[in-house]
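Student: For reference, the chains in residue letters:
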Amino acid sequence: MQQLLQQLINGITIGAFYALVALGYTMVYGVLKLINFAHGGLFMWGAYVGLTGLNVLLVLLAGGGAVAIFPTAVIVMVTIAMVGVLVERVAYRPLRSAGRLAPIISALGVAFILESLARNVYGASYKTYPTGLIPVGRVEILQGVRVSLMQAIVLIVSFLLMAALYLFVYRTRIGTAMRAVALDHEVSRLMGIDVDRIIATVFLIGPGLGGLAGMIVALYYGSFDFTLGWIFGLKAFISAILGGIGNIPGAMLGGMILGIIETLGAGYVSPQWKDVIAYVILILILIFRPTGLLGERVAEKL
Amino acid sequence: MTTWRPRLQKIPPLWWQAGLLVLAILLPLPLNDYYRAVLWRTGLYAILGLSLNIIVGYAGLFQLGHAAFYALGAYTSALLNLHFDIPLILTWPASILVAALFGYLISRPILHLRGDYLCIVTIAFGEVVRLALVNNIFGITGGANGLSGIDRPVLFGLVLRSPIHHYYLVLFFLVLTLFAVRRLENSRLGRAWMYVREDETAAEAMGVNTTRVKLLAFVLGSGWAGMAGALYVARVPVVSPDLARFIESVIMFCIVVLGGTGSIPGVFVGTLGMITLPEIFRFLKTWRDAWMGVAMVAMMIARPEGLWPSRRIRMEIREEE
Numbered sequence: 000m001q002q003l004l005q006q007l008i009n010g011i012t013i014g015a016f017y018a019l020v021a022l023g024y025t026m027v028y029g030v031l032k033l034i035n036f037a038h039g040g041l042f043m044w045g046a047y048v049g050l051t052g053l054n055v056l057l058v059l060l061a062g063g064g065a066v067a068i069f070p071t072a073v074i075v076m077v078t079i080a081m082v083g084v085l086v087e088r089v090a091y092r093p094l095r096s097a098g099r100l101a102p103i104i105s106a107l108g109v110a111f112i113l114e115s116l117a118r119n120v121y122g123a124s125y126k127t128y129p130t131g132l133i134p135v136g137r138v139e140i141l142q143g144v145r146v147s148l149m150q151a152i153v154l155i156v157s158f159l160l161m162a163a164l165y166l167f168v169y170r171t172r173i174g175t176a177m178r179a180v181a182l183d184h185e186v187s188r189l190m191g192i193d194v195d196r197i198i199a200t201v202f203l204i205g206p207g208l209g210g211l212a213g214m215i216v217a218l219y220y221g222s223f224d225f226t227l228g229w230i231f232g233l234k235a236f237i238s239a240i241l242g243g244i245g246n247i248p249g250a251m252l253g254g255m256i257l258g259i260i261e262t263l264g265a266g267y268v269s270p271q272w273k274d275v276i277a278y279v280i281l282i283l284i285l286i287f288r289p290t291g292l293l294g295e296r297v298a299e300k301l
Numbered sequence: 000m001t002t003w004r005p006r007l008q009k010i011p012p013l014w015w016q017a018g019l020l021v022l023a024i025l026l027p028l029p030l031n032d033y034y035r036a037v038l039w040r041t042g043l044y045a046i047l048g049l050s051l052n053i054i055v056g057y058a059g060l061f062q063l064g065h066a067a068f069y070a071l072g073a074y075t076s077a078l079l080n081l082h083f084d085i086p087l088i089l090t091w092p093a094s095i096l097v098a099a100l101f102g103y104l105i106s107r108p109i110l111h112l113r114g115d116y117l118c119i120v121t122i123a124f125g126e127v128v129r130l131a132l133v134n135n136i137f138g139i140t141g142g143a144n145g146l147s148g149i150d151r152p153v154l155f156g157l158v159l160r161s162p163i164h165h166y167y168l169v170l171f172f173l174v175l176t177l178f179a180v181r182r183l184e185n186s187r188l189g190r191a192w193m194y195v196r197e198d199e200t201a202a203e204a205m206g207v208n209t210t211r212v213k214l215l216a217f218v219l220g221s222g223w224a225g226m227a228g229a230l231y232v233a234r235v236p237v238v239s240p241d242l243a244r245f246i247e248s249v250i251m252f253c254i255v256v257l258g259g260t261g262s263i264p265g266v267f268v269g270t271l272g273m274i275t276l277p278e279i280f281r282f283l284k285t286w287r288d289a290w291m292g293v294a295m296v297a298m299m300i301a302r303p304e305g306l307w308p309s310r311r312i313r314m315e316i317r318e319e320e
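Going down the list, the protein sequences come from chains A and B. Under numbering that gives the first Met the number 0, the first residue of the first sequence is numbered 0, with each subsequent residue one higher. Under numbering that gives the first Met the number 0, the first residue of the second sequence is numbered 0, with each subsequent residue one higher.
Simulated from the structure, these hints should not be mistaken for lab results. A virtual CB, placed ideally from N, CA and C, is assigned to each residue, including glycine. Any given hint could turn out to be false.
[As the list claims (entries may be wrong)] Simulated coverage check for chain A against chain B, where a stretch passes if three residues somewhere in it have a Cβ under 8 Å from a Cβ of chain B:
id, segment
1, 98-105
2, 146-160
3, 172-179
4, 200-211
5, 227-236
[Said to hold, decoys possible] If you anchor each label on the Cβ, the simulated ranges turn out as follows:
id, chain 1, residue 1, chain 2, residue 2, range
6, B, 9, A, 98, 34 to 42 Å
7, A, 269, B, 293, 36 to 44 Å
8, A, 220, B, 293, 26 to 34 Å
9, B, 161, A, 269, 16 to 24 Å
10, A, 193, B, 14, 52 to 60 Å
11, B, 190, A, 77, 48 to 56 Å
12, B, 33, A, 193, 33 to 41 Å
Let's have the full structure, built from the sequences with the hints guiding it.
Tutor: Dropping the structure here:
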């Protein structure tokens, strides 16, 4: 029982990462009907930019410790968001009317560029984040069930971000415009919505969140390499599909479910088969319920 | 085009086909072993590209897990040789059958999926196969290190061990593949594939059994990738799960798409760009993924029909504009 609870907590933490990244996939799919394969790469670059930012800031602040994390997070979000907008402008916008195959290949191409750049700039070896920035601070909430300070921060930050995004999409004018664009580009244009700008906004928010998630993931695990984006990206994409792609609450739910299933699978079945479990879930979902768990409200798709 | 084109077209096709074949036979003779190995690799990936072209090019189904079948063919050949001492050459039919069988089993439940969803499922299947090999499934695949100590193939008493032997072996199969895919392209089945690719609903209305036709594309393409896997084992007596890596699938996919989806000469152009050039220009190799990426983006924007497209596909794409 204690073990189960502990696994659930770990699973929810990982699920929160998946959810943050899945939001980027789901939002882009919503407005462009495109699987943005480059998203995993942007996420990974978040981890690298965060690493450089932290190292520079730690020197500048002369050992400021945890204080350096916040400005670094801002730098990461801004940088990756800008790269995201650039990717949309260069690789996706010219292909908007080019059928379905061309944008997918273009997206795969961008993913390769991002991964290869990271490998050639930072090297293929594992990179480690500065340690000791956040104290371990394990708290025993129940007998034998512990939550670390890091986990608590990750969960709080993720939920705040998701809540903010939800409010943004469902309560603001721009959010409403996004949902309109997701339904129909042409009609949105007739209603006076600047479709290009809305799509650019989506590519600002999605990669911004994804980049931040990259940094948080790297902080949480402590080390990573250039393959991070691919594995995590695929898992996040599975989360998006699981919840119903194009659906924002769905992405959050899907991330949580996948995180929990995976952790339980690793704990009770076999850690080696953890990834296989995720892929099998994806395959089963696509075969039996391609709309995902929350996918029935098609009209509400972002 | 300029004046050379009609003149070239006056030459009977058999002539330049024979000419190309003679060239392919003579080509490795003045080269050293390194370049002969490069030629071998080129031929092997051309076979893989042609096999994937059946699925992606003719039938229009996105398959991004093709490397899994290549690996399955290689493992089948290796396992039969290691455990039952079957000479490599006799394992080749089994490689084809096993890969084709998996192609059937995997594609059967997912045929109803649309383009990008199909693409994702095939990625997932490819990864499942790779992870199963890494995790030493049934204790026979040797885990992450794979299998080694596989025999050399023996053909009429000749042990094939030097690069030139393997080049000619692959060339033989390449010519066989070319013959087969040309016949397929112009067959009833080939026309049905293209019909399904261009308009599935219309094809169905005209009495084409779309499920069966798409299934056949997957089975034939996968089986032939299995043959390519067996050819790999014939030269490299070590197999590892790396054969099924996603990047391999992407390379195969790019060979088909960048050269020109559905076009046989396109597959050769694609192989040249994705395999031969990076092998010859080593400095391209560290940056190969990046240059692949740039090529993919640039091609989709500037020339989505590919470098040497089939006439039908070009008309299809240009018509949409």
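Student: Are the hints correct? Go through all of them and say.
Tutor: Right, here's what the structure says about each hint:
1. 98-105: holds (count 8)
2. 146-160: Coverage by chain B is violated here, the residue count being 0 at a Cβ distance below 8 Å.
3. 172-179: violated (count 0)
4. 200-211: It is violated, with 0 qualifying residues against the three required.
5. 227-236: holds (count 3)
6. 9/B - 98/A: 34 to 42 Å: holds (36 Å)
7. 269/A - 293/B: 36 to 44 Å: holds (40 Å)
8. 220/A - 293/B: 26 to 34 Å: holds (31 Å)
9. 161/B - 269/A: 16 to 24 Å: violated (44 Å)
10. 193/A - 14/B: 52 to 60 Å: holds (59 Å)
11. 190/B - 77/A: 48 to 56 Å: holds (54 Å)
12. 33/B - 193/A: 33 to 41 Å: violated (56 Å)
Figure legend: structure checked against the earlier numbered hints; hints not met, in rising order: 2, 3, 4, 9, 12.
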